[in-house]
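Starting from the known structure of chain A, fit chain B onto it as the hints suggest.
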Amino acid sequence: MSIVYHDDWEIKKGIKDAKRHQDKIDDAIRKNVRDVIGEESIITEQGKKKVRVPVKGMKDYRFIYGGNGEGGGGIGQGEGDAGDVIGRKPKPGQGGSKGGQGHGEGDMEVEVDIDYLLDVMFEDLGLPWLDPKKKNSIEIPKGWKFENISKKGVYSRVHKKRTMMEAVKRNVLFVQEVIQNTYLKDIVEEKLNGFETAQDMASRALQQAKGDIEKAIEIIENDELNGNESVGFLIHDDDLRFKVIDEDVEICSKAVVFALMDVSGSMTPDKKYLMKSLLFWLVSWLRKQYEAVEIRFIQHTEIAKEVDEDTFFYGGDWGGTVAKSAFDKANYIIDTEYPTDEWNIYTIYCSDGEDFQPAQAVSSMEDMVNKGINMLSYVEIKPHHDLMDEYTTYTYGYSTLLPECQKKWKFNEVVVDKKGMGKFWINEDLKFLLSVIKDKTHIWPCLKHMLGIHPEREGGK
Amino acid sequence: MKNTELKRLKKLENRIYEIARENGLEFCDIEFDIIPEEKMFEIMAYNMPGQISNWKFGRDYERTRTIYEKMGVGLPYEVVVNTVPSRAYLMKDNTIALQALIIAHVVGHVAFFTMNKYHAENDSNIAARLAAASERFEEYERKYGIDIVEQTVDAGHALMLHSNPWLKEETEDEKLERMFKKLKKKKHEKAVTEFGDMFEDDDDSTGEQSREQWNHKLYITLKNKVPVEPTEDILRFLIDHSNHLADWQKDILEIIRSWGQYVWPNIKTKYMNEGFATYWHERILRQLFKEGLLTAEEHAECNYSNSLVKAMNPYSMNPYLVGFEIWEDLVERWNTGRHGRDWEEITDHDAKLAYDDKSMKGHEKMMKTLRTSNDWMFMNNFLNADLVRKLQMYLYVKKSNVFYEELVITDKEAEEIKQIIINSFSHSGIPKMFVENGNALEQGILLIKHEHIGADLNPEYTQKTLEHVQFLWGEKCMLDTIKQKQKFRYTANKSKDVPTFDDTEFKKLLA
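Here the protein sequences line up with chains A and B, keeping their order. Position 399 of the first sequence, counted from 1, bears residue number 399 in my numbering, the numbering being contiguous throughout. Position 298 of the second sequence, counted from 1, bears residue number 1298 in my numbering, the numbering being contiguous throughout.
For reference, chain A alone in the conformation it holds in the complex (with noise of 0.2 Å):
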């Protein structure tokens, strides 16, 4: 029987399959990534760094009972009584359409940068904009600006401060190269103060000696310190700096969202959750571009108005659709303080399609293509259950917009979902995209389309 004391543990496996744990975990990540971006947790998270993602098949599988979901449970202990609840968690998927797959119990969940995500999903997506020179970014003339510094100029453009800083820096050197050359030396190690001592005589020696080093190791060894300098530092011509004058351009690198929904009574959660995943990757992705974003957010039903963001998804009301309504609101906010020069400017309108003024809606979007705004995009929500379903499947019978859309501008059709709904009719020189998306698994290729048409707009603006 012993107790043996050991401190020399390697711990070699632990770390390479931890490792391992990893690389599957990222791997099963990539693998999902499409599927992630449906789902709500990630979404409602708003603003957090880190997200949580579910991982699938990485359980350790065995033959198990029990169920997945429903009926679950088991023996526990504690405080309770019949009736009571223990534990609760948002239902995966909750808000979202029927045809996502839904996560069966005892996923694995990690913690996941949102970053790397957006990362691998445009990986994924093929966008070749990750690289960060292809910023899209505005040069703005701002007159003049001093920034570079040269060793040269007229000494009405001395920088003080750096070349005080040169000098410090070169008065440090000197004093210590005479110290370490005359009998200083001895005073830094033996005397109590040595140091400070040896400092200040150098220091003095050198203002004696005009900055000549040579000449300061002379006056210490023959002692013929002065006394009349005092303890400072000279500014030899090697420390001067000089400001540069350059043309001043502010590299401006703003985008605005401006998120147009139809608020009637037929914008169900279902829908407006679409929109806000949309909207959510939308904004992430251009977080990702541009140094500042601002999302602006404008509801109408027969009339806009701006509201805020819990209003704009949460909140509801009564009335028409006048999408005309919307989309002059947005010009005028984009008139008044984003203007074209400054901004990337973003739209994405979010309708189930039903408008009373189509004709009259196509005329406002003429309006704001026309400004130069880097992207348009309509998404036409329209959840299985539609009505329209049951009808012949692209009449767009109960849809007015689109096809007054379709009508003013010629688009290129995209389908994705060969059985379904995913259809998208892209114009890539208006930078505008039409979608009608059904659920959750749209979100993904509307999106791609979506970024598919960034406004690399040569020159910039």
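You may find that some hints are simply not true.
Claimed, not checked - Reference excerpt, derived from the structure (chain B facing chain A, CB under 10 Å, subset only):
| # | residue |
| --- | --- |
| 1 | TYR1061 |
| 2 | VAL1397 |
| 3 | LYS1399 |
| 4 | LEU1407 |
Because the hints were derived from the structure by calculation, they are not lab data. C-beta atoms are modelled at their ideal positions from N, C-alpha and C, and glycine is treated no differently.
Positioned in the frame of chain A, the structure of chain B alone reads:
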């Protein structure tokens, strides 16, 4: 750790052994290693030094580390390896008090291993075998790639508890011989069932020649049957009969199977074992305090750690607490004679509670139970409604409404809960699976049968585990069970096109 501290710890260690022995605990030598915390987390995750490498252990290692960082110091972390001598670990930065608690707890475990009959045949070489295997497997990773090695290990882990370490290991030939004799005997008893068809035309087979013919026929039939008799030992069957496995894969599976056999006794006696160790560490520490070997402060610290060990968990039973309370109740009842028919028949409630015949048979009963029981027997014999109430046990289910998944308490009725708990310990809660046929439909299909005893299998886990089996078997695999009161068959096949087959023919084959 300072030398003086180490000296004091050794002194405590010796006294702990003495107290344990005075109380009738038998145990083999124990070697304690004092190690840094990081190493402790690794050993905890891997369960044994020298364990083979796998991502699951890496995951657990990270998890333990994170929990430690969040929960902080104070939790008594312990790992005991059941070998001879036993090996256990102490974390370097623990206080002396916590070390004493862990030593006392470990002594409880080692006594349990030494005395409990389910641990009697433990492979005490397992640590060395694993360590050697671990090196070989690393070589396999280099040679064949980590992916396939990992897939093999994962499949092995999925199936490692599907073997019964207490069954006599038989070769196929021995099995054949046993089955032959058994069926022959049956034939003479005219109670032939399983091979009915075969015997029909043999009814008048009393003559010598026809008996020989009959014997031959039986022999051939058995010989062609793989396995000769349905077997619980899925890994053994796969190692012996899969045409798909390379030798190195068989090596991996063989080691994991041994590991499974090592783990089984622990699973079967988890509650008894943890309860027993907790019961004894409490008593031993109290004694150390009484003798002045621990200060009042140190004893208070032990009590705090002890309360963490015995904390209730709202979502599951805590084996330390539940096991402890059952032992405590058992000792109390046998000390006072509150058991047996005479006591049961006392009708007056107060008199029943106050009954005390001063028989003091508590520890005697404890040791007797310890030697012969497993968790299922332990629960069956000693869990009672009073304990269920004392342990504040409840039943909960998962319910969901529009917004939430909720866990809701549904039942606090002690008798019912007791019964549910007891049932859950049957076969340690692990579904019983039998390899029924390795050549079903003459197509090389592996057929596994689940012995359904009330609860349904988890569909996702079953499907994925069957896919592990399929990976090892190479051909299609099927698993027959009952799902929602209907016969149900899971299938796993590498290729998508599953051969269709006539179910009637299949039934005939298994008749």
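| Hints that the structure is at odds with (numbers, increasing) | none
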